[in-house]
Each structure stands twice: as structure tokens, then as C-alpha cells.
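Enquirer: Using the sequences and the hints given, assemble the complete structure.
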Amino acid sequence: MKLVASLRALTGLGDAAGGTDHWWGQRITGLALVVLGLWFAASLVVLPSLEHHIVVEFIGTPLNRLLMSMLCLAAAYHSYLGVQVVIDDYVHAAGLNRASMVVSRIGHVVVAAVAVYAILEIGGGA
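Numbers 340 to 465, taken from this note's numbering, label the letters of the sequence shown in order.
Everything labelled a hint here was simulated from the structure, so no lab data went into it.
Only a predicted model underlies this, so the values are computations on that prediction, with no experimental measurement involved.
It is possible that part of the hints are untrue.
Stated by the list, open to error - Distance ranges between label pairs, derived from CB positions:
no.	residue 1	residue 2	range
1	E396	Y429	28 to 36 Å
2	A457	V374	18 to 26 Å
3	Q365	V394	28 to 36 Å
4	T359	I393	38 to 46 Å
Here a beta-carbon is modelled for each residue, glycine too, at the ideal position from N, C-alpha and C.
Expert: What follows is the structure, encoded as C-alpha cells:
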């Protein structure tokens, strides 16, 4: 068993300890999404209307910009972790598995960066 773990570490496939980090990452980001999602939903309900200038003013508040950015980052990371599990479970060819992981990571980073940039731009922080 020790030989298998060493081979996995050498080939970059990780070891059993990596699964614990992944599991905790999913749980923590899931909890963050619940809390931030409730905050976001409650904030939308409290707004007098969803007119453009009111929403821009809402996003312009530094605390709201921070919380919205955290919501987007948590959603992107949680999504990345979920897609990683799907790729690991269903893409069995080693080369295609690695390529899919790279594309997934790049895609999620780009989406998160664009979301945070948009929030900062709309809120006047960029």
C-alpha cells in the first residue's frame, strides 16, 4: 500500500490526504454560499426597487462590494471543486483528465476574475 501512495505522489495524482482537503473545501464553500446567498437574497428584498441606479448605489457600498465579491469567489471555487469530482469520476484517460482539469481551472479563474472586476467596476472601485 505504501508503494501505491508513493507512486501516486510521484505522478502528481496526490495521496489520500488530498481528499480531506477537498471535502472540507466543499463544505466550507457550501456554508459560505448559504450565508452569502441569504444575505444577497435579503438585500434584494429590502431594496426599494431593482432600478439600475438603486442597484448601482447598492453595489457601490464597500461592504456590499466585498460580500458580493466573496459570494462570486465562493461560487466559482465551489463549482471548480464539484467539476473536479465529475472529471475524476468520469474522465479515465490520463491525458484527457489532466487537460480537462487545466481547462476547468482556467475557466473558473477567468469567470471569478471577470465577476469580481465587474462588481468593482459597477461599484466604482476599479
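Enquirer: None of the hints should be skipped; say for each whether it holds.
Expert: Evaluation of the provided hints:
no. : hint                     : verdict
1   : E396 to Y429: 28 to 36 Å : 45 Å, violated
2   : A457 to V374: 18 to 26 Å : 22 Å, holds
3   : Q365 to V394: 28 to 36 Å : 31 Å, holds
4   : T359 to I393: 38 to 46 Å : 44 Å, holds
In this structure, only the earlier hint numbered 1 is contradicted, and the remaining ones agree with it.
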